[in-house]
Amino acid sequence: MKNIFYILAGLLITGITSHARTIRVGKQFQFHSIGQAIAAAVNGDTVLVENGLYREKNIVIGKSIVLIGNNFPVLDGEHQYEIISIKANYVTVKGFKIVHSGVSSLVDIAAIRIYGCHDVTISGNILEDTFFGIYSQSSFNCLIENNKLTATAKTEQESGNGIHCWKSDSLQIIGNNITGHRDGIYFEFVTNSVIWRNESHKNMRYGLHFMFSNNDSYISNVFRNNGAGVSVMFTHGVKMFNNYFEENWGDASYGIFLKEISDSYIIGNKFLRNTSGIFMEGASRILVEKNEFKDNGWAMKIQASCLDNVITKNNFEGNTFDVGTNGSLVLNSFDRNYWDKYDGYDLNKDKVGDIPYRPVSLYSMIVEKNPAAMMLYRSFMTSLLDRSEKILPTLTPENLKDNFPLMKPLHL
Amino acid sequence: MKKITKYVLVDILRNKIVIGYTIFLFLISLSVFNLEDSSSKGLLSLLNIILIIVPLVSVIFSTIYIYNSAEFIELLVSQPLKRKQLWASLFTGLAGSLTFSFFIGIGIPVLLYAASATGYIMIIMGLLLTVIFVAIALLAAVIARDKAKGIGFAIFLWLYFSLLFDGLILFILFQFQEYPLEKFMVVAAALNPIDLSRIMVLLKMDTSALMGYTGAVFRDFFGSNTGFIIAVAILFSWVVTVFWLSLRRFQKKDL
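Protein chains in written order, with the working numbering: chain B, 1 to 412; chain D, 413 to 667.
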């Protein structure tokens, strides 16, 4: 007991004697440049930067310090440099406005780049006109929160990704707002991470691009109006909860594009006004539950290569086509969803329709084969075709049906 | 001319069939909007009525009316009146009264329940389709002297525009699948007023699905404001051309 007291007292005394300093940077202070201030700092110090314009080429943070901007001082990369390079653990960068990073097709120049560190926090920064925004490489346990990233490049070649994470682990990406980049958030070989409450919109390619990144979650994000929506590929154990996927328009644009995904969960999301809500290719053992599909061109497109997926308790409302597919093989289950196009009856009043619903219409098969035929949609003849197909299925897959269609929409 | 138009208008508006048609449209629109959960589903049901029933009624009623007023026409032709004026006032009277009953029957419920861009487009397209099919009826009636033949011809034209044409297009689409058919589809749409008006509604109704590649071609052409004006101009030129063809025949016709 006494020993513990001495240890605590000792810790307290060392804590007081090695008191972390605050080094201030600004016109009226000793240090005019952030680089000099960092050179003078030791581990644990705080560098507080006053409002102003700082052109310091590349700022390298090699010590565990806290770098804080007061009232958003501007760090200008003059279209040439990587602006902040973090090469130490326990670094915080907060409250800066970082503009005009370099653009290169050889090197991935970022506004803020984390080089193989852990416990780095990047919070509350404004990034404008940067190539890559925040770049995490071989890092773990880092927090990237409440940043606002805006890029203005016109082509995919000239633009980088907003938050680019490569070979990292246990990252938290929270509350960022990303627009105008190539991919809003890019994950490759990133595991056990969470993407929460971000808004990724009007990016050139994907709102979220996800590859070889197992056991990640993305929750309550908004992905709107991105060039090709969201893409999740070659991954297992992904949890996608309560996200919004909206207005991803184009022939190759999807709310979510799932390729070679397995053992994942898509729960409580909203897919609104997309050309295709979910596109699945080679996906297996995915639970799609309690989602809302509204006003999409195709709510879901499930290729015949998908296996053992369960689609249940979803609302399908106002979609042009509910489900599209490319073959007759169906190894997925579609039971207990609400389909607004269901015109069956419920005689025993158990709120489940008595005859199965076939979500694949003949015309969606025709359009799948020949997209130009979309122009004849809703004409007298196509409704006749659809009707006769409903009575006697010949072209549409026989097994793709909801055996227990719900009569009333679920409250989601 | 004014007098004849006025006479035809009043005569048709008092007609039991036209009153019945108006009430029928009105009741259907009301029930559609009250029964469906959302107004967009109601609009969808109305779209089928506008594309099928409205042209059918317009074409058949107008043809029969022309045949029934053959004696009236003969009488007027014997008066010092230009045939052009007579024919034009018949057309105006028919088109005016039928568009009026369309507007009462479908236009007003749509404005009440679904006053959206889709709703407005549907009203405009329905009005134009009514006028076009009145013109087609006039052409059918002037070509065939025999009443049964004339009505048959009118019904055939309606069948062609609402069903056969689409079947033909679908057939061509699949036969020439390997070729780029987007531009051909734009031209084909202009050749059928029903298709063109359906596509105009579709561009508002199924925006998400139409954002695919082919859709983009159509959207570029018809989806913009200029495209809308072009489409309406094409529909107007349908009215003018078909009416002019019938007028030319009527002027030379031995009554």
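Mixed in with the good hints there might be a few duds.
Said to hold, decoys possible - Anything over 10 Å on all C-beta distances counts as not near chain D; from chain B, calculated:
(1) Q80
(2) K87
(3) Y265
(4) T320
(5) F380
To be verified - Okay, derived cross-link-like pairs now, DSS-like style, lysine-lysine, Cα gap no bigger than 25 Å in a straight line:
(6) B:K349 - B:K270
(7) B:K294 - D:K616
(8) B:K401 - D:K616
(9) D:K616 - B:K270
(10) D:K616 - B:K369
(11) D:K616 - B:K341
(12) B:K294 - D:K453
(13) D:K496 - B:K202
(14) B:K390 - D:K418
(15) B:K270 - D:K665
(16) B:K290 - D:K453
It should be emphasised that the hints constitute simulated quantities derived from the structure, not laboratory data.
Since we're looking at a predicted model, the values are computed, not measured.
Backbone N, C-alpha and C fix where the C-beta goes; we use that ideal spot for every residue, glycine too.
Results of checking the hints against the structure:
1. Q80: 39 Å, holds
2. K87: The claim stands: B:K87 keeps its Cβ more than 10 Å from every Cβ of chain D (closest is about 45 Å).
3. Y265: At roughly 25 Å from the nearest Cβ of chain D, B:Y265 sits farther out than 10 Å, so the non-interface label holds.
4. T320: 4 Å, violated
5. F380: The claim is violated: B:F380 sits with its nearest Cβ about 5 Å from chain D, within 10 Å.
6. B:K349 - B:K270: 29 Å, violated
7. B:K294 - D:K616: Holds, at roughly 16 Å.
8. B:K401 - D:K616: 30 Å, violated
9. D:K616 - B:K270: 22 Å, holds
10. D:K616 - B:K369: Roughly 24 Å between the alpha carbons, so the hint for D:K616 and B:K369 holds.
11. D:K616 - B:K341: Given pair D:K616, B:K341 holds - Cα atoms ~20 Å apart, limit 25 Å.
12. B:K294 - D:K453: It holds: about 13 Å lies between the C-alpha atoms, which stays within 25 Å.
13. D:K496 - B:K202: Outside the cut-off at roughly 58 Å; violated.
14. B:K390 - D:K418: 50 Å, violated
15. B:K270 - D:K665: Between B:K270 and D:K665 the Cα gap is close to 65 Å, so the pair fails against 25 Å, i.e. violated.
16. B:K290 - D:K453: Holds, because 23 Å separates the two Cα atoms, which is no more than 25 Å.
Hints 4, 5, 6, 8, 13, 14 and 15 from the earlier list are contradicted by this structure; the remaining hints agree with it.
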